[in-house]
Structure formats: C-alpha cells, structure tokens
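Asks: Kindly produce the complete structure, drawing on both the sequences and the hints.
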Amino acid sequence: MADNGKQHAPHRGDMTGAKALWATLANHGISTVFGYPGGAIMPVYDALTFYPEVRHVLTRHEQGAAHAAEGWAKATGEIGVCMATSGPGATNLVTGLADAMLDSVPLLAITGNVASHLMGTDAFQEADITGITLPITKHNYVVRDVEELPLIVAEAIRIARSGRPGPVLVDIPKDIQLAAFHGEIPAPHARPEAPAPSPESIERALDLLRGAKKPVIMAGGGSLDASAEITALARAWDIPVITTLMGLGAFPSSDPLWLGMPGMHGSVAANRAISEADVLLGIGLRFDDRVTGRVSGFAPNAAIIHVELDAAEIGKIIRTHVPVRGDARQAAQLLAEGAQPTPRPEWKAQIEKWKSRTVTPETYGAGYAVKAVVDRLRPDDILSSDVGQHQMLAAQLARFEKPRRWINSGGLGTMGFGLPAAIGAGMAEPGVRSVVIAGDGGFQMTAQELATLKMYDVRNVKICIINNSFLGMVRQWQELFHEKRYSEVWLGDSNPDFIKLADAYDVPGYRATTAEELPAAIDAWLSDPKSALLEVVVPHEHGVFPMVPAGAALYEMIETEPVRSPDLSAQMQDAAEEASEA
Amino acid sequence: MTDTRDHLLSILVRDEPRVLTRITALFGRRGYNIRSLSVGSTEHPGVSRMTIVVSGDRGVVEQAIRQLEKLHDVVKIIDHSLEKYVDRELVLVKVAITPESRVEVRQIAEDFRSRIVDVGRHALTFEVTGDEGKITAFIEQMRPFGILETMRTGRIALTRGSNADIPAHVYHEGETQALQPTLEVQPREERARHVPNLF
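Protein chains in written order, with the UniProt record's numbering: chain A, 1 to 582; chain B, 1 to 199.
Note that these hints are calculated values from the structure, not bench results. It is possible that part of the hints are untrue.
Claimed, not checked - Partial list, derived from the structure: chain B residues whose beta carbon lies under 8 Å from chain A:
1) Arg-18
2) Thr-21
3) Arg-22
4) Thr-24
5) Arg-58
6) Gln-67
7) Glu-69
8) His-72
9) Gly-120
Unchecked claim - These stretches of chain A come out as covered by chain B in the derived footprint (C-beta under 8 Å, 3 or more residues):
10) 250-261
11) 410-417
The model shown is predicted, which means the values in this text are computed figures rather than measured ones. Ideal Cβ placement from N, Cα and C applies to all residues, glycine included.
Replies: So this is what it looks like as structure tokens:
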C-alpha cells in the first residue's frame, strides 16, 4: 500500500469490479459523474454508496448526462465522465459521444452490459455498444476480465485526454462488475507531453510570415489552451486574428486585432481577410466546411501554414504549404520569438474598413435579444448555446476575453445540447454564472433536465429561450433555398408556456415580448438568486446574417438580411387556423 | 492528383477483438477502397499483420495512413510504395478436366511450378504461389479448360533487405509525412487572384 493513501484506495469490504471502478475514478481525481442507472449497471450504482468522494449527478436522460459531462469538460479542460446502463441507456449516450468526437472533448463513458455469458444472445437490454460507438469514439473497450478493469479505465482516461482529446467508452458486463477483484488500483498515467514542432517547420513558417504583406491568423478549438501564446504571437507580429466558432475566446475580443468568426455566419472582416490574405496561419483547427465555404475559393491567394497536433488534419481539406505538426502552445511561442513586425499600413486600413461593416441588430428580434443578453455578461460568465440561429447570433455578438467561457456544439450541431451542457459547466464552476441561450426548438429536446437543476439545487444556471415559434435556422434555409416552402418548421401552436414549464420544476420564469420589456426582464432574471429561465418572445422572421450560402466561397457572402415579404407570420397563423378548423 | 493506382500497406496491429472491424470501418466510412486484405500473426505474440491493397491517389493513401496511425490498436504502418518489396499471393484453382485435356492441364501447371493439391474424376485443384502477374497468367492459361472455383488469399508483402536498411519513413517512424511541405510556395505575384475586388 502506498503511504499517502492516494495511490491505492483502501479496500472497503470485499472489493468487486464495481468498487474497483469507483476506486479507480476516485484515484484519477474524478469528482463528478453524470449518469442514469439501470439493470445492467446496478452493481456499479450499489458500489457508489461506498464512495462518497465521487458525486453522481442523476440526469433525466442519458443524452443529458453525456452533454453535461461535455459541458464540464469544455469549461474546465478536464475529462468529463458519464455513465449509463446497457441497451437503451447506452444508445442514449450515442449523440453525446458523437458530439464529443467532432469537438475533441475528453470524455469517459462507462456503460453496463448484460452478463458475459449472455453477450451475443440478443439478451434483454443488450446492444452491441462497442460496435455502435466504434466510429464515434477515439477508442472503446469491453472488459473481459475483472482484474483488467482498473487498468482499462486508467488507459481509457489517458487516451481520452492525450493528444487530440476525444471520447472513450468502457463497456462492463454485469458479471464483471460483481466479480471479486484482487489487484491494485492503478495511479493515473502522467499526461504525455505534446510533440514539439520541428525546428525546420517553424523556420519555414517564419520565412513565410516575414515576407507576408497581408497575413492573418486563424485560431480554432485546438488553440484554446494556447490562448496566452497566440495573443503574444499576434501582438508581436501585429497580425489580425480570426477565431473560429470553436476557438472563440482563444484571443481577447477587446483586442483591436480581433476580426471575429469566419465561415458561414462569420464576420465581414474575417471572411474578407481570409479571401484577401497572402499568408494564413491556422492554429489548432481542421478547416471544417462551415468555416471554409467552397474549398476552391478558400483563401485563394494565401500560402497556408497549418499548426496542428493531429497529422491527419493537415492537408485533409485545405492544401497546406507549411505543415507544422505539434503542440499549438509551443508552436505559437516559437513563432512569437521569431517575430519581425513589419508595418503594413494598407492591410491594416483595409481591415479597419471591413471591421466597420459589423452588423448590429437594431430592430427588435432574435439578434437584438441575444445582443441584449450577451452585453450583460461578465468576463467570467460561461456562455453556452443550443444549436440554431440563436447559436450563430451569440457567436457573432458575444465577446470573450478568455478561453473556455463559450460552450456549444460546433461539429455535430446537436439540438438539445445547451441546457445539459450549461448544467455540467455550472456544476464544474459553481461560483460562476452559467448562462445558456437556446431556441424554442432545441430547448424542448432536453427540457427534462430542468429536473436536474431542481434536484441538485443548482443556483447559477441562467436559461434564456429565444422564442420565435420556428425552427429558425431551417426556416431561414427554406426561405433562401426552397422558395419559402416552410415545411414542418412551425412550432408556435404547440409550444408550451415556457414559464409554466419552468414553474413546474420550481425554476423562476421571466418573459419579455418587446424591446421595452427586455432590459428589466434580463435584470430580474440575472439577479434572481436561483437558476432562472427567461423567455424572449421575438418576431418570427429574423434571419442570421452575414451568411455564406452552402457551396459558395467566403467572398460570396450575403452581408445583410434580404428584404422579405412582411406577411410571413400571418401566413403561418392562417395555415394553422385552417388546420385546426378542418 | 488523379493518378489512381494500387498501394500496398502493411499494418501491424494489436491482436485484440474488433481490430479488423476498426480498420475496415475506417476505410469504409472515409470511402477508401480496399482491393485486397489478408491478416495473419507475426513473430511477436499479440501482434497481427494486415496487408491491405488500397486504390487511390497519393493523397488518399496518405490520409488513410494518418487516420490509421491515430487508432489505438495500430502499432506500425509500412508503406511499401516507398521502398522495394516482395509480395506473394496464394491461390487455389479448381480446373475442369476431360480425359483429353488432363495431360495438357498438368503440363501447364508444371510450367508454372504449381502443385496439385486435389485430384477428382472431373477436376484438378492447383495451388499457385506468386506475385499478382504470375497468378493472373496462370488463371488465364487455365480459363479455356473451364475454371470451376478459385480462392485467392489476397496479397502479402515484406520490404526487401534487412530492416536496418529501410528508412524510418517507410516504417512511419520519426517524423510523420505530414511534416513534409505538400506544396511549393509560389512567388506572390504568380499566385492566381480569384477574389473579385468588390471594394
């Protein structure tokens, strides 16, 4: 036994596989697990009662558990843990695992499974979860021998956190949970050092930057932990910085060098700068299609330097002139050390011109409401979003001074992500306000997690629903690309009274329906000592602009909202009335 | 970039459940076409060796290798297109025979150093080992007599020479290929200008 008692948890009574699991998690400093019990994981939940040092948070759906663990991980940078039973419990985790995979979130998922001798027989609540999650996890395991269980869990945590992070699933048959365990509980693996970029690649990158007349830096989700180094790099070279949806916060929004977000709903300045740049330095990103627009039209004049840990991302989408494989932090530091700032007055003047073309929502609508909310946030507040128009509006309008304050589902675009992620983030940082902006559509996909708020008396989660009675983003696309055939996107007649819904869970509710009501409602909502919900009822028709249509290049961006026919809501209400009369 | 041809990869993997699924699922999901696949054990206990023939251009193969390198089960990847290699395939061919053709069929088989592994009243089964060209030639020679069944094992390969002679990049050790610049940086004025000047 180790003398500090931390290395090896004391054997509490008979050590079973289930107890060995909790001992291993506790040894790894896991303080919170989000989950939902069921038949095939009951021994683990039974053993939980012996491990008060680990808090289990009972969500109301396994998808909520997975997103809450993601919210935890995104806010802290540490691994999130979720847990479910076999079959339907396990499959309910799938969306969260896919989400974590695309956004490189370190996640450990523990699932129970039917007893080993029943596996493969189509037993009750059996699903081949390792088979199902094979393409959406970094790695996964079935534990076949109880003596290997703690080693597998320790290895799973190592894999989830190392290199480019991602989700790892460990599936534990019920008999393994119950089996007697005699081994030692392993200590955590040391986090492996990220590979340093080669001096040659740094030298090639410096060469390009020295000759650049119109350089631009683009920082993605992989650069969040290199925020300080990237900020120093940009200032040392005096190069403007674009942060992707996942990279918001990697560079302070208040810095004059910040140009906003690129891509489909990116800023004029960011998209124009990419289109005109002669050198583009990408750090910790994967050139997602929502960022690049039409690939052949992406940064057409630029030599591309791509700093990335995952070699498979280099050259995958965008042909790279100077690949720099390695740690973003080290690369940014080395590039900053070689800084030779050159005055580029024309480029700076051009950028300032583009920056002045920021779209500010002036009339009352979704954008106006989102701006009113995000303007009221403090730098420490964590802002989560669900998926849709409000997400893009928040990404456009919110200002982040530091990383890990912006939590959203970027790669998978998972509706229902917002509320559970905000709960997870709020539980990770109980002293910090965890604000979530959702739409009326996405909120209802995981609205049951209001019960989790109530159960744990979480006090710092502030929910804002932007209610436009539509699946707004789909409606926007139907408007632009399907000749306004609004197929199955109208929610107005069937939406609940969100205030009453919140009240049912003891969550105080506030509502604003006009620009005049909004400031007071926001104040009351944010100053409520409890977690609270604010519903902002907005006109139906507002879209998100600027927008780069799918398949277009960034320089083909539509900058402002097209003039629309004013009778949209009337049409939808007429149609609804006809339907109810018939 | 449109130079589509076959590439021979050896992939050393941990001998664990689902490893074959993991590898083939990766190829399937990303749309890489597997032309041939063979798997067997190696001189190291717990390590299996897969030989996969992928068709695609150089970019596709490099992307496939980099994606494979990320899998926890993958120990090492050898890209045979970067060095000289020997490759073999084993095929069993069952050829229809008549009293008239029997002698001729046996003679052809002898020319190919093929062995007879089964003798039936109306058919002979041959075993042929060789590179792809030899096997194809053998099958073509036998085709007029009537081929009843064939089974090919898929190609297997080893790099030539002792392993010490082989550069690290073939074994995907040391610097990954991603570090090689993929494009020359053109002088700025020569770069095509695509962006319409709207300002």
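Asks: Confirm or reject each hint.
Replies: We went through each hint and held it up to the structure:
1. Arg-18: B:Arg-18 check passes; min Cβ-Cβ to chain A is 7 Å, inside 8 Å.
2. Thr-21: holds, 6 Å
3. Arg-22: holds, 6 Å
4. Thr-24: Result: violated, 10 Å to nearest chain A Cβ.
5. Arg-58: Violated - the Cβ of B:Arg-58 stays beyond 8 Å from chain A, reaching only about 11 Å at its closest.
6. Gln-67: Nearest chain A Cβ about 5 Å off; hint holds.
7. Glu-69: holds, 7 Å
8. His-72: Interface hint status for B:His-72: holds (4 Å vs cutoff 8 Å).
9. Gly-120: B:Gly-120 check fails; min Cβ-Cβ to chain A is 39 Å, beyond 8 Å.
10. 250-261: Per the Cβ count (0), the hint is violated.
11. 410-417: Check failed, 0 qualifying residues.
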